[in-house]
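Asks: As a plain string of letters, each chain reads:
Protein chains: 2
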Amino acid sequence: MRSYIYAPGPTPVPPHVTLKMSEPILNHRSPEYVRLFEEVTEHLKYVFQTAHDVLTFTASGTGAMEAAVANLLSPGDRAVVIRAGKFGGRWAELCAAYGVEAVPIDVEWGHAVDPSVVADVLSRESGIKAVFATHSETSTGVLHDIETLGRVVSGRDVLFVVDAISGLGANDLRPDDWHVDVVVSGSQKGLMLPPGLAFASVGPRAWAASDRATSPRYYLSFKRAKEALKKGLNPYTPAITLIMGLAEALRQIKAEGLANVFARHARLAEATRAGVRAIGLELFATRPSNVLTSVTLPAGIDGNQLLKHLKARYGIIMGGGLDHLKGKIVRIAHLGYADEFHAVVGISALEMGLAYLGYQFKVGVGVAAVQRVLTFERSNV
Amino acid sequence: MRSYIYAPGPTPVPPHVTLKMSEPILNHRSPEYVRLFEEVTEHLKYVFQTAHDVLTFTASGTGAMEAAVANLLSPGDRAVVIRAGKFGGRWAELCAAYGVEAVPIDVEWGHAVDPSVVADVLSRESGIKAVFATHSETSTGVLHDIETLGRVVSGRDVLFVVDAISGLGANDLRPDDWHVDVVVSGSQKGLMLPPGLAFASVGPRAWAASDRATSPRYYLSFKRAKEALKKGLNPYTPAITLIMGLAEALRQIKAEGLANVFARHARLAEATRAGVRAIGLELFATRPSNVLTSVTLPAGIDGNQLLKHLKARYGIIMGGGLDHLKGKIVRIAHLGYADEFHAVVGISALEMGLAYLGYQFKVGVGVAAVQRVLTFERSNV
Numbered sequence: 001m002r003s004y005i006y007a008p009g010p011t012p013v014p015p016h017v018t019l020k021m022s023e024p025i026l027n028h029r030s031p032e033y034v035r036l037f038e039e040v041t042e043h044l045k046y047v048f049q050t051a052h053d054v055l056t057f058t059a060s061g062t063g064a065m066e067a068a069v070a071n072l073l074s075p076g077d078r079a080v081v082i083r084a085g086k087f088g089g090r091w092a093e094l095c096a097a098y099g100v101e102a103v104p105i106d107v108e109w110g111h112a113v114d115p116s117v118v119a120d121v122l123s124r125e126s127g128i129k130a131v132f133a134t135h136s137e138t139s140t141g142v143l144h145d146i147e148t149l150g151r152v153v154s155g156r157d158v159l160f161v162v163d164a165i166s167g168l169g170a171n172d173l174r175p176d177d178w179h180v181d182v183v184v185s186g187s188q189k190g191l192m193l194p195p196g197l198a199f200a201s202v203g204p205r206a207w208a209a210s211d212r213a214t215s216p217r218y219y220l221s222f223k224r225a226k227e228a229l230k231k232g233l234n235p236y237t238p239a240i241t242l243i244m245g246l247a248e249a250l251r252q253i254k255a256e257g258l259a260n261v262f263a264r265h266a267r268l269a270e271a272t273r274a275g276v277r278a279i280g281l282e283l284f285a286t287r288p289s290n291v292l293t294s295v296t297l298p299a300g301i302d303g304n305q306l307l308k309h310l311k312a313r314y315g316i317i318m319g320g321g322l323d324h325l326k327g328k329i330v331r332i333a334h335l336g337y338a339d340e341f342h343a344v345v346g347i348s349a350l351e352m353g354l355a356y357l358g359y360q361f362k363v364g365v366g367v368a369a370v371q372r373v374l375t376f377e378r379s380n381v
Numbered sequence: 001m002r003s004y005i006y007a008p009g010p011t012p013v014p015p016h017v018t019l020k021m022s023e024p025i026l027n028h029r030s031p032e033y034v035r036l037f038e039e040v041t042e043h044l045k046y047v048f049q050t051a052h053d054v055l056t057f058t059a060s061g062t063g064a065m066e067a068a069v070a071n072l073l074s075p076g077d078r079a080v081v082i083r084a085g086k087f088g089g090r091w092a093e094l095c096a097a098y099g100v101e102a103v104p105i106d107v108e109w110g111h112a113v114d115p116s117v118v119a120d121v122l123s124r125e126s127g128i129k130a131v132f133a134t135h136s137e138t139s140t141g142v143l144h145d146i147e148t149l150g151r152v153v154s155g156r157d158v159l160f161v162v163d164a165i166s167g168l169g170a171n172d173l174r175p176d177d178w179h180v181d182v183v184v185s186g187s188q189k190g191l192m193l194p195p196g197l198a199f200a201s202v203g204p205r206a207w208a209a210s211d212r213a214t215s216p217r218y219y220l221s222f223k224r225a226k227e228a229l230k231k232g233l234n235p236y237t238p239a240i241t242l243i244m245g246l247a248e249a250l251r252q253i254k255a256e257g258l259a260n261v262f263a264r265h266a267r268l269a270e271a272t273r274a275g276v277r278a279i280g281l282e283l284f285a286t287r288p289s290n291v292l293t294s295v296t297l298p299a300g301i302d303g304n305q306l307l308k309h310l311k312a313r314y315g316i317i318m319g320g321g322l323d324h325l326k327g328k329i330v331r332i333a334h335l336g337y338a339d340e341f342h343a344v345v346g347i348s349a350l351e352m353g354l355a356y357l358g359y360q361f362k363v364g365v366g367v368a369a370v371q372r373v374l375t376f377e378r379s380n381v
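Protein chains in written order, with this note's numbering: chain A, 1 to 381; chain B, 1 to 381.
A couple of the hints might just be wrong.
Treat identical chains as interchangeable: a pair holds within one or across any two.
As the list claims (entries may be wrong) - Below, in silico cross-link-like pairs of lysine-lysine (DSBU-like), each with a Cα-Cα straight-line distance of 30 Å or less:
hint	residue 1	residue 2
1	20	254
2	308	226
3	226	20
4	129	223
5	362	226
6	20	308
7	311	226
8	328	254
9	230	308
10	326	226
For the record, the hints were derived by calculation from the structure and aren't laboratory data.
It should be emphasised that the depicted structure is a prediction, and the values quoted were computed from it without experimental measurement.
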């Protein structure tokens, strides 16, 4: 059966990107590869909106998260960790693995952290070396206010590290203007590639911290990646076919223009949210991201059953709730290689699934709301 | 121009493996993926020739090497490192990164380590926790005698860790019979895939060591990989398309039969060596691997110029000498998706390149020698 991906990663891979990855493999020490990787790195800086370095690792996004901890901090350091979902929690686990004392700020899932709380913690706690945050929290669909958080962190001797694994290329993020020292991301989200590549932008304060940090690292070393990058290379044999595909995907993003890419994600997210509301459901995220729309399911509708039905009957793959939200929310991505009819089909499937499971509403109202937003480009029509 | 890969990795990817990787991407939490990954893991155990665990990481081979150090050892531990080439040297660098004191056994490049030297060092040195060795050293084309080394290490409270990144599936390696606790490998060699996946087989003594080791690790944690594997999953979003391709490549290896795969590599290596000798050149490796044939270039022939010419004129990509061997040797792989005419073309290209650069010999003698071996399956015909 044909399948339709609405899970927030891995996202659909455009056919011409797949074709590029199917070409005969380049040797990673050849001049052809150097040219390609230098182009990729320039384009990554465009997408990351940074004038500083963007390093590429052959790893899951978690590998780049670990790289941030290992390259910036030393055992015994203290760091503030914003935990507002499953992936925020990962920062705390990584700190623990490296002997870094995590000072957690726990936020109810579905909500964004209040920047003034972060300011209070930073004023109260001593010896904080870094703040670890999440841009778009994939488990809840919440977008955190990185710009304000950056202002809160700036002016202190504290590094600001942001996980933008799912948010990169969907919601605006300006590390150089917003005082973010390291942004990490992955290939299988807004970059429209299969998983297997992870990235870290590294600003000047992060480089200085990396010189001081004593945590062990080799494969994930920022410095080793930078040394190789000076020659247009990777320190170890990289996932070459994914780099070949990435070159193509980044050309596509460059051609569309980052502002247009953000606007497209915003429009699809707005249309999807309008569809959800029209059906009579509530958004789970109080500050929704443009990466995905998380929907609180009504009483009597089991999310696991809904997802199972949508997949078995229609090939529709949506995300479910993680951990304590299992069965209670559904997560509908509009990320990467997604166009307007992707949003139409997504809400259409949600309606058909809900109707099948006995939820009472006027079938079609959601799709109509999506169509209105997409036609007139505003949601209050 | 069509290109012909004789570099010892990345090796050519079979078209049907490429096709599998081009299929719509699976979700890494779906039942379909679980089925695939469980099959992959079973087949990996077949290729690794182990009844114990084989863990898969999204990483370069170096990532799995680092995993071995980080999961087995603690800062202050001592380990013997056999350095007989560039990749043996990497073990020492990894130990240094993790605060492990490396006791090096340096072997002249082109030679295999003498197991009795390892025995002497183990008898002399106290507190050695592990021996790190290389199966087939890609930088020199040497095959180390892992079976005898395993006997030397066995009976002591010392772990034996082998880098078989290039050797897996080309030269026999029996960790369970040969007292090897951890074997690491990568996807872009004998497994016929693009780079991006790394593997580690982990035996019972290694698991016990992993429980004691205090080095920090998270992304490369054996334990986290094993916990996820129990559910047929990876702990973090894996390189899904590479896993899809791996499933196909492993089916092909299973269908051919591992013994036949080894025999094919042995035959191609023998034919290539016969061709090299017939041209009048010397083998660089005193104990040659079936992964690649390293050839000492005659006086007056610059290896860099030879490789450049072969690539520009014929699209032939061979490996050159690394570090101090730059320009002095050429490395001809016969690894993975290689058949008999791959060997014919390789020696043919070598002859044409040498002739073009003015080396005096009877053009065609090398190819004839290759043909004789391939026809009669012995080299002394």
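Asks: Could you run down the list of hints and mark each one as holding or not?
Replies: Evaluated hints:
1. For a Cα distance limit of 30 Å, the shortest separation of residue 20 from residue 254 qualifies both inside one copy, at 17 Å, and across copies, at 29 Å.
2. Proximity of residue 308 to residue 226 under the C-alpha cut-off of 30 Å is restricted to the inter-copy arrangement: shortest distance 27 Å between copies versus 45 Å within a copy.
3. Within a single copy, residue 226 and residue 20 get their C-alpha atoms as close as 26 Å, which meets the 30 Å cut-off; across copies the closest is 34 Å, which misses it.
4. Taking the closest pair of Cα atoms, residue 129 and residue 223 come within 30 Å of each other both inside a single copy (20 Å) and across two copies (29 Å).
5. Within a single copy, residue 362 and residue 226 get their C-alpha atoms no closer than 57 Å, and across copies no closer than 48 Å, so neither meets the 30 Å cut-off.
6. For the identical chains of this complex, residue 20 and residue 308 are inter-copy neighbours only, at 25 Å across copies versus 33 Å inside a copy, given an alpha-carbon limit of 30 Å.
7. For the identical chains of this complex, residue 311 and residue 226 are inter-copy neighbours only, at 28 Å across copies versus 43 Å inside a copy, given an alpha-carbon limit of 30 Å.
8. Taking CA atoms no more than 30 Å apart as the test, residue 328 paired with residue 254 passes in neither setting, with 38 Å inside one copy and 44 Å between copies.
9. For the homomeric pair residue 230 and residue 308, the shortest alpha-carbon distance between copies (22 Å) is at most 30 Å, but the shortest distance inside one copy (48 Å) is not.
10. Only between protomers do residue 326 and residue 226 lie at most 30 Å apart by alpha-carbon distance; the minimum there is 24 Å, versus 41 Å within a single protomer.
Hints 5 and 8 from the list above are not met by this structure, while the remaining hints are.
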